[in-house]
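> One-letter residues, chain by chain:
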Amino acid sequence: CGFQLRGARPLPFDSIYLNMYQYSELAAAIRRQIRANGNTIVTDRAEDAQVRLEVQADVKDKVILALNTQGRVREYQLRQRFIFRLVGKNGQEIMPSSEIFLRRDLAFDDTQLLAKQQEETLLYRDMQNDLVQQLMRRLAAAKMPEAPPAAAPAPAPAAKP
Amino acid sequence: APAHAEKADRGKPVNIEADKVTVDDKNKIHIFEGHVVLTQGTLTIRSDKLVVSQDQEGYQRGIATGGDGGLARFRQKREGKNEWVDGEGERIEHDARSELSQFFLRARVKSGEDEVRGQYIQFNGVTETYLVTNGPNATTLPSQQGRVQVTIQPKKKDGATNP
Amino acid sequence: ETLPPFFVSPALLGPAPTPAAAPAVSDPAPAVVSDKQALKPAPTPAAATSRPAAKAADKPVSPARVSRGVPVAVAPAPVQALKPGTTVITGDKVSGLQDVDAVAEGAAELRRDNTRVEGDKLHYFELTDEVEATGNVKVTRGGDRMSGPHMRMKVEEQVGTFDSPEYVISRPGRPAPPGQILLPGQSVPRAQQPLTGHGSAESLELEGENQFRFLNGTWTSCKPERPDWYIRANELQLDYDREVGEAKGGTLVFKGLPLGYLPWADFPLSEARRSGVLSPTFGTSNKVGVDLSVPYYFNLAPNYDDTLTLRYMGLRGLQMRNETRYVTPTYRGITYLEYLPNDQVEQRSRYAGTIRHDHNFGDGWAGNINFAGISDPKYFTDLSTRLTLTSTVNIPRQASLTYGGGGWWNASAMLQSFQTLPDTLTGVRSEPYKRLPQLTLNALRPELPGGTTFHLASEFVSFSHPTQTEGRRLTLYPQLSLPLQTSAFYVTPKIGVHATRYDIDYRGTPTGDTGQSRSLPIFSVDSGVTFERDTSFGGRDYIQTLEPRVYYLYVPYTDQSKIPNFDSGFYDFNFAQIFAENVYTGGDRISNANQVTTALQSRLIDPNTGAETVRAALGQRYYLVDQRVALADGAPMRTGKQADLLAAFSATFMPKFQFDTAWQYNPRDNWTERFNVGVRFQPAYARAVSVSWRYKHNYSTDPKSPDGFRDLDISGQWPLWGNLYGVARYNRNLRDHRLTQGIAGIEYNAGCWVFRGVVQQLVTTSTDVNRSFFFQLEFNGAGSIGSSPLTMLKRNVPGYGKINEGSTPYVGSDDDEF
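Chains as they are written, first to last, in the numbering used here: chain L, 1 to 161; chain G, 1 to 163; chain P, 1 to 818.
No wet-lab data here; the hints were simulated from the structure. Please note: incorrect hints may appear among the correct ones.
The calculated lysine-lysine pairs, modelled on DSS-like cross-linking and capped at a C-alpha distance of 30 Å, are [unchecked claim]: (1) Lys378/P x Lys62/L; (2) Lys154/P x Lys143/L; (3) Lys154/P x Lys110/G; (4) Lys110/G x Lys434/P; (5) Lys26/G x Lys49/G; (6) Lys138/P x Lys110/G; (7) Lys77/G x Lys83/P; (8) Lys28/G x Lys12/G; (9) Lys62/L x Lys434/P; (10) Lys155/G x Lys434/P.
Label-pair restraints from in silico Cβ distances [stated by the list, open to error]: (11) Ser561/P x Ala57/L: 44 to 50 Å; (12) Gly2/L x Phe659/P: 22 to 28 Å; (13) Gly314/P x Pro96/L: 33 to 39 Å.
Here a beta-carbon is modelled for each residue, glycine too, at the ideal position from N, C-alpha and C.
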């Protein structure tokens, strides 16, 4: 039915600078994933990088979905909005500002607060892995300005779920 | 203090050139025609035709009409300033006694950098006061039929002459 | 958690090249659009030249025939480009003394740069640069226009007086200054529309280009032909430099009805934050009766503000609230206090407060404080109408310090306790354990020799509790994995040893000796393949992926019945959890496992942006051994071979359409454990409808506290007709036939004012509800009156858009505290 193994999909740039809070888990995860991808390095300074990933917003929100009959929270929805832009060396825009929106539902019970807090951490980590994977696919689809009009962009590399 | 027209001009001899002169002694009127140029000190009047008359005390009164583009021209240096007053109009009447110049139709007087424009301008060289109306002979007409304009250039506060 | 997890936005903290000092917001000079270009009369050949008149003009002045005696309309004055500062006076008649003054009559007019003064008679005094105009005077300059019987003004300095003027003043909207500091929770003000205000007065003192002082004046931002509301004041000062209007002895008149007497009030003349009285808010609720609060806002600095609010409650008395917000590149936070000296109903003083502070110490060190408390258990259900508060049971009190600078490792220390409110039904306070402290050290070292990755998760926690058994727990969980990976498939075997030691202080009869320990090997193999093909769907081409995944987990059984349970509980069975190593959360129970989890996932990806639009997934787990580790003695344990079947499907075509559904099927008992489906349709701004249905199988036999539910949740905002909008949310628990949350409201936008009326009913306890009514009258450009349902609508009606976005996005932050 037309499926074949995904081919290698290198990122169309060889160096990138992550313009975000360097010490966050997300930054570490993105660095690891790009390094695992192979041919692209993450620079420590914006000047050395061919492209810059501008993180315009990385907002985590926790919204009440449902109450139980006592008016207590029975279900939360964890949301994460990640808005980013890819900018070239001299500031010209390679990828316009785009958003990755993630949602996970968390059944909640006040009597098991600590257990539910750990579950919340698991869900946020799962969202982060998902976010990194989607971000890699987006970056792989970036159209470098002077890049010759390549054929259909090669598929993105397998990212560990 | 308001600057006054060149006082010195009053005492100066009047010299008038023209292609043709006709004299009417009875009424003490001289009529000059053709490239008429009147000079008295710093005052010059140019026109196609100039009628000069004299009153009992001997003060002269000139009526200049026509000229290049149908406009008679008037030029005089301002008293105490190295600025000139330039005026034009289809008819210019200048009364030496009252130092009053009147410009009729398509009238324009530029004194220094400032300029006045209208259908009738009355300009007193001594007091440097002026009156300009959008109708002939100091009459005012409804605005649609004509406008009068006075342009005043910004002056440096310390009275220095304009750049 | 009342505020969302307090996240320090990287833009502020990262070593990104933001200026080191607090980037004080400097308002760029307003790009005043002024039509400065020289006045261009009808094009006529420039006749007069400035050469001495002696030489004849080279071109005839105008084709009009020169005829004696017949008044000839003088061609409009040919005007060369005017030098800036040139004054042009026109009229039917002008007389004057050169360099001194000029009097123009007959539709007289004075023009200089972009200022124009018209009147029946103008008297211009050149020495003092003053013009006096009498008789239907009109002054226009840029966007401002003033008209009246008499006026005298210095033209350059724009200082003077205007008798009984009518005026229109409009300033172009200024774009939000770049890099504007956003206070926690403040929404980004969009580029501001031009703000036009007009009115009339007994007299006007012009005190400079941007300063107007009216006596007995009125001001409104409505269109002249329909001034639905205006502010009338004995003295009205409009300061367009500071962009604030100040009214003394003012009254707000709405549709001819004086709404409120404001002895002193100021209002913004633009969108920027301004100190001053915010609009008072009105509302009622069954808990507090009439609810009137008047906030005063102190805009102390671009990155620091304070809001003091006096709230009068009909049934309970006067309450004071104070909220301070601050942000700098290295730290930010909110401090909020509420004090009700004497609650008439409870006959006691009641108070509440919260302190939140995030700090980036640099080099990877970051700290956070989140401390809150209330004076008595029913505080929220009595005094607040905010769902996030009325539903709170555990109020967090924690402080944490994290270090992320280690590169491949990070560490954290946290002190955490809670103020726990008693259950409204049973009155029982089930307090969670306090963690005083919790220390964690995590390390992840990829690309070690042989391509292995080392991962260490370690934690030391001291659990304390007023009544239950306490203890200290040290956990070390080193793991080694070998990720074999190509672009298409991956296999990741992993082996780890989960070792834990306890030091227990028993309460009551000890169930074992105080020292307990447990160490277990955990072995797992995770593998997956990714297939792709090009396909098209709905006329657009996509890359479709097919991603099977198999995950094997082996954990031997060890008896943990002697180990106390501090923080373990059941995970919710979902896609995040089916690939976890333990059925239980926390560290006190490690379930024995010998199981295989399989999943199949397929996505549609847009080839040119890489964006994922559709995702479908199926998951199932097969147990090869029964569950032998229980949360507590006698707790039910699984015996079946098959876990539940999980299925999920989601499609997002941003921003218009979102659909997702998830289903959990229990093959053992052949019923659905959980099912939810939700669709959201948002074709345009302020047009959004979302419907969702959630179901959970009910296990509990006690009808009074079922743990299953059938919830229907419909919410939306839609224009009814013209500019009347309907807003609604209907969240009903069909199993218990109770409306957990209901919102109904209308919004009417009349151009320069907006009316919002919203009714909300919300379950606060099993028998009690909180019914409250908010109404808001928002005057564009002058703040709003009426309790603000905005924040509540924004949180409860997804996709809600304020219909008069142009008006002041007033400071009320999106999720203000209480």
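> Could you run down the list of hints and mark each one as holding or not?
Structure-based check of each hint:
Between Lys378/P and Lys62/L the alpha-carbon distance is near 24 Å, which keeps this suggested pair within the 30 Å criterion. Pair hint Lys154/P plus Lys143/L does not hold up; C-alpha atoms about 60 Å apart against a cutoff of 30 Å. A hinted pair counts as satisfied when its Cα atoms are at most 30 Å apart, and Lys154/P with Lys110/G qualifies at roughly 25 Å. With a C-alpha separation of about 93 Å, the suggested pair Lys110/G and Lys434/P falls outside the 30 Å cut-off, and the hint is violated.
With a CA separation close to 20 Å, the supplied pair Lys26/G and Lys49/G stays within the 30 Å bound. A distance of roughly 29 Å separates the Cα atoms of Lys138/P and Lys110/G; the hinted pair therefore holds under the 30 Å criterion. Proximity of Lys77/G to Lys83/P is assessed by CA-CA distance (about 24 Å); at most 30 Å being required, the pair is judged to hold. Between Lys28/G and Lys12/G the CA atoms are separated by roughly 20 Å; this keeps the pair inside 30 Å, and the hint holds.
Distance hint between Lys62/L and Lys434/P is fulfilled; the C-alpha atoms sit about 23 Å from each other, no more than 30 Å. For the given pair, Lys155/G sits about 81 Å from Lys434/P by alpha-carbon distance, which is inconsistent with the 30 Å threshold. The beta-carbon spacing between Ser561/P and Ala57/L, approximately 48 Å, falls within the hinted interval of 44 to 50 Å. Here the CB-CB span from Gly2/L to Phe659/P is close to 26 Å, well matched to the stated 22 to 28 Å.
Taking the beta carbon of each, Gly314/P and Pro96/L are about 52 Å apart, not inside 33 to 39 Å as hinted.
Of the numbered hints stated above, those contradicted by the structure are hints 2, 4, 10, 13, listed in ascending order.
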